[in-house]
Structure formats: structure tokens, C-alpha cells
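So the protein lines, in turn, are chains A and Y. Take 1 as the starting number for the first sequence in the working numbering and just add one per residue. Take 1 as the starting number for the second sequence in the working numbering and just add one per residue.
Please keep in mind that the hints were generated in silico from the structure rather than gathered at the bench. Treat the hints with caution; some may be incorrect.
Said to hold, decoys possible - Derived BS3-like pairs (lysine-lysine); straight-line CA-CA distance at most 30 Å:
hint	chain 1	residue 1	chain 2	residue 2
1	A	Lys34	A	Lys131
2	A	Lys13	Y	Lys4
3	A	Lys7	Y	Lys101
4	Y	Lys4	A	Lys7
5	A	Lys11	Y	Lys90
6	A	Lys136	A	Lys39
7	A	Lys136	A	Lys251
8	A	Lys6	Y	Lys90
9	Y	Lys4	A	Lys11
10	A	Lys131	A	Lys257
11	Y	Lys4	A	Lys6
12	Y	Lys94	A	Lys13
13	A	Lys228	A	Lys131
14	Y	Lys94	A	Lys136
15	A	Lys39	A	Lys251
16	A	Lys6	Y	Lys46
17	Y	Lys94	A	Lys11
18	A	Lys7	Y	Lys90
19	A	Lys11	Y	Lys46
20	Y	Lys101	A	Lys13
21	A	Lys13	Y	Lys46
22	A	Lys136	A	Lys169
23	A	Lys11	Y	Lys101
What the hints assert, rightly or not - Far from chain A, by Cβ distances over 12 Å, these chain Y residues were calculated:
hint	residue
24	Val2
25	Asn3
26	Ile9
27	Leu20
28	Ile23
29	Lys46
30	Lys94
Heads up, the beta-carbon is just placed ideally off N, CA and C, and yes, glycines get one too.
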Amino acid sequence: MQILLKKIFNKSKEYILLFILLIISLIILTFDNKPEIKKIRGYAFASFAVWAELIHSTTSTEDEKLTALQFENAELMLQVNKLREFALENFELKSLLNYDLTSQYKLIPTSIVAKNISKTQGVYIINSGLKDSISKSMPVLNERGLVGIITDVSEDYSLVQTLRSSSLKISATIPRSNIHGVVSWNGNRLVASNVPTTADINEGDRIVTSILSTIFPPSIPIGLVVGKGSNISGLLSEITIQPFVDVTTAKNVFVLKTIRSSQIDTLELNMLSK
Amino acid sequence: MVNKIIFPIIIVLVLIVIQLAVIPFLSINSVVPNVVLIFLILYSLKHGQNSGTIFAFFIGFLYDLASSGLLGSGMFSFTSAAFVAGYFYKDDFKEIIQNPKIVLLLFMLSSILFFLSYSVLGTAGISIESQLSYITYSILSAFYTSLIALVIYLIPRNRL
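Please model the entire structure based on the sequences and the hints provided.
Dropping the structure here:
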């Protein structure tokens, strides 16, 4: 019996080894959201980013003039979107226009030093961190629109979860019809799921970040509606969105310096404690 | 020890940096080759199935940490790809490497498995409709990776 078991083991030891290693991988996969793992990852990405930036700086040929123009374009894009919002508002609110136009967007220019873009995982490492007053949850954009959100920050580098990350959910709206929904990457395309079929949505509608979002400031462009399909029951639709930004080709991005309202934070905490 | 573990680890660390800092800029319609995978397949072919599988497992861990991807997804994918590549192991490394058909086939097989599992494990839920696109993406990425591998494979032959 012992000899037989030994024979079986010797014959299939490669499979046993593979099985054990794959099981360990799957177990580790379930621990991904643990704070300890996040801490280890934070240290790892910060030390790795130094080398990635070194390689990136030697291989990239960046034009300073182009970067400056992209920065200006990003600022203008935000202003244009704000103006577009105003155009849709009631004439009575026009008196507020002067006030809002004076408010300036603080953009922090930064470069992508590393990317991990797969079918479902879209992550950037950018060369700005705590020293540039970047903090978690700040939106990242370029001159075309929203790119993602800061999820981790070290002294010199930050981690960005892009629109192509299946775990990123964005509260969005269609300004024309004021329909709200949650936009996410389904591994294949950017979609807004569970939208009522009767909702007034047409192909070509612009999708921007919603005023309901406590993370993203309102009116940052996300993309255009390119398709609408209903589920089996026919009650809910899935809206397909063509993002303005191609995250796979983006090189320079900007972090929008936002300061979270302490009042919103307090309200959220109060709601959670109830 | 140096040739089998330390030297390959140094090479892989350099390749991980290149993979994440330079290779994404070579993407064609979101399809990106994986140079770390190419090295791991060659390692598996040279050192055998068991050594290749274990080595790929630890490199997958480093890759997940460096790329800030889901911890475990790279480990799973690299391990399974190296295992498949290890099937083609022969005592004489030159015997396999001199057969371009086998080289191409094993690169395609291992790469498809890698990209498919890396994509599937990276998402919370997959719709039936998405599955087909995952397969298409994996085949295209595997093809791109195999093409890069083929270029690497051909360069020394031409020099000879």
C-alpha cells in the first residue's frame, strides 16, 4: 500500500505541486482587501516606482510645450463643462454664474511612470505624492476627461485606479435629462448598469460625474452614450459608454486638488451611526 | 544556485520594471505583450516543470506587488503558464529551442492560459457575453507575446 502511494506520488508530484500552489494563490486572492496586504502593497509600489521612474525617464521623450498645452487644455475642459452645465440650468440661476466662474480649479500636473493595464485591472503609478499635497480619493484627469482616482499615496508617488478597473464605481449623470447612475468597467466596456428602460437616454448623450458623488466633483466628463441594451425582464437597461480618455495611451495626467467637505464627512458619519 | 535562482531573479526584477514602465506604451488597442511571461516560459523550458512552476509562483507574487494588481492573480496565472511550458521540458534545452514550431506552440498555449486567468481573476463577476471578449483578448495578447518571443528567438539565430 505504502509503495503504491509512493508510486502515485512520484508519478503525479508535478500535479500535486501545481494544485497546492494554485490553492495558495486563490487563498491570497481572497485576502486582497485586508489592511495588512494594502500596507505591504503600499511599501512595495513606492519602492518599485523609483525604478520604474528611472526607466521611464530614460525612455520617454516628453515635450515640455506639449505638457503645458495639455495642462491648459485640461483646465479649459473643466471650465467648458461648467459652462455647459450653466447653459442647461434655469435662467434664474444665471446670477450665480459670475461667482462660479471665479472659482479656480487647482490641477497638479504629473506623469505616469508605470501602468498595469489588463482586461480588468487598470492601474497607474504617477510621480507625485504626499509632497505635492496629493491625498487619497482625489480625481485624476487629462485634457479629455476623467481618468481615475487616487487610491494610495506615498511620499513621492501615488497609485491611480483608472476607469478600466472593475472595482471602481463612479456616480454619474446625464446633464441633458438629469438621469443618475453608477458607471463601472465590466471587463469589456464602460457601462452604467440598472438604469430604468424608460429613462430618457439617447445615443450621443454626454455622461459626467454626478453632483451626488461625494468623491468626485460634479461635471467632469466621462464619456458618450454609444449603446443601450435591456436585460431579460426588460425593466432595466445597461448603457454602454465610450470614454473620452483612452487610459491605455495616456502619458501625462493631472490630479484635481479637491478638499473634502468636513460637513459631508460629518453627515456621512451620522448616517452610518444611525 | 546563482545560475538557477539569483541571476534569474535579478533579470525578472528588471523585466518587471520594463513591463510596467515601457511595454504599456507599445500597446495596440489595449493588447499588451508580457516580457516577464516570456522569460518564465524560457526558464521553465530550461530548468524543468517543477522548478519553473515554483519560480513562477514567487515571481507572480513580486509582479502582483509591483504592479498593484490583485494579489494572487499574477501568482495563479504565472504558475499555471509555467506549468504548461514545463511540459515541453527536455534534458537538452537546445533540442526544444531549435524547433520553432514547438516554441511558437508552447508560447501560444502558455500565454493564452496566462492572459485568460489573469483577466478572469481580476474581475468580481463576469457576464456570459464578456467571456467571449476575454477569450479574444487572451488570444490577441498571447499572439503579441509570442511575436515578441519569436523576435527574441530569431535575433541570436541570425547573428550565428
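Do the hints match the structure? See the list:
1. Between A:Lys34 and A:Lys131, the direct Cα distance comes to roughly 26 Å. Compliance with the 30 Å bound is thereby established for this hinted pair.
2. Of the pairs offered as hints, the one joining A:Lys13 and Y:Lys4 holds, with about 21 Å between alpha carbons and a cut-off of 30 Å not exceeded.
3. The straight-line distance between the Cα atoms of A:Lys7 and Y:Lys101 is roughly 34 Å, outside the 30 Å bound, and the hint therefore fails.
4. Distance check on the hinted pair: Y:Lys4 and A:Lys7 sit about 28 Å apart at the alpha-carbon level, within 30 Å; holds.
5. A C-alpha spacing of about 17 Å is found between A:Lys11 and Y:Lys90, which places the hinted pair at or below 30 Å, so the restraint holds.
6. Proposed proximity of A:Lys136 and A:Lys39 is supported: the alpha carbons are some 14 Å apart, at most 30 Å.
7. Between the alpha carbons of A:Lys136 and A:Lys251 the distance comes to roughly 21 Å, so the proposed pair stays at or under 30 Å and holds.
8. Of the pairs offered as hints, the one joining A:Lys6 and Y:Lys90 holds, with about 24 Å between alpha carbons and a cut-off of 30 Å not exceeded.
9. With a C-alpha separation of about 24 Å, the suggested pair Y:Lys4 and A:Lys11 falls inside the 30 Å cut-off, and the hint holds.
10. For a cut-off of 30 Å, the pair hint linking A:Lys131 to A:Lys257 stands: about 13 Å separates their Cα positions.
11. For the hint pairing Y:Lys4 with A:Lys6, the CA-to-CA distance comes to about 28 Å; that is within 30 Å, so the pair holds.
12. With a C-alpha separation of about 26 Å, the suggested pairing of Y:Lys94 with A:Lys13 holds against the 30 Å cut-off.
13. With a CA separation close to 44 Å, the supplied pair A:Lys228 and A:Lys131 exceeds the 30 Å bound.
14. Distance hint between Y:Lys94 and A:Lys136 is unfulfilled; the C-alpha atoms sit about 51 Å from each other, more than 30 Å.
15. Using a Cα cut-off of 30 Å, the hinted pair A:Lys39 and A:Lys251 holds, with the two alpha carbons roughly 27 Å apart.
16. A threshold of 30 Å between alpha carbons decides the hint, and for A:Lys6 with Y:Lys46 the separation of about 27 Å falls inside it, so the pair holds.
17. Among the hinted pairs, Y:Lys94 with A:Lys11 is consistent with the structure: their alpha-carbon atoms are about 26 Å apart, no more than 30 Å.
18. The straight-line distance between the Cα atoms of A:Lys7 and Y:Lys90 is roughly 22 Å, inside the 30 Å bound, and the hint therefore holds.
19. Proximity of A:Lys11 to Y:Lys46 is assessed by CA-CA distance (about 21 Å); at most 30 Å being required, the pair is judged to hold.
20. Distance restraint check for Y:Lys101 and A:Lys13: the Cα-Cα separation of roughly 28 Å lies within the 30 Å cut-off, and the hinted pair is therefore satisfied.
21. At most 30 Å may separate the alpha-carbon atoms for a hinted pair to count; A:Lys13 and Y:Lys46 meet this at roughly 19 Å.
22. Between A:Lys136 and A:Lys169, the direct Cα distance comes to roughly 15 Å. Compliance with the 30 Å bound is thereby established for this hinted pair.
23. Pair hint A:Lys11 plus Y:Lys101 holds up; C-alpha atoms about 28 Å apart against a cutoff of 30 Å.
24. Non-interface call for Y:Val2 relative to chain A: holds, since the shortest CB-CB distance, roughly 22 Å, exceeds 12 Å.
25. Non-interface status of Y:Asn3 relative to chain A is upheld: no Cβ of that chain comes within 12 Å, the nearest being about 22 Å off.
26. With a least CB separation of 14 Å from chain A, Y:Ile9 remains clear of the 12 Å interface cut-off, as annotated.
27. Residue-level check failed: Y:Leu20 sits 4 Å from the nearest beta carbon of chain A, not beyond 12 Å.
28. Y:Ile23, annotated as away from the interface, has a beta carbon of chain A within 12 Å; the closest lies near 9 Å.
29. Distance check on Y:Lys46: its Cβ is at least 16 Å (rounded) from any Cβ of chain A, clearing the 12 Å threshold; non-interface status holds.
30. Taking the minimum C-beta to C-beta distance to chain A, about 23 Å, the non-interface status of Y:Lys94 holds against the 12 Å cut.
Consistency note: the structure conflicts with the earlier hints numbered 3, 13, 14, 27 and 28.
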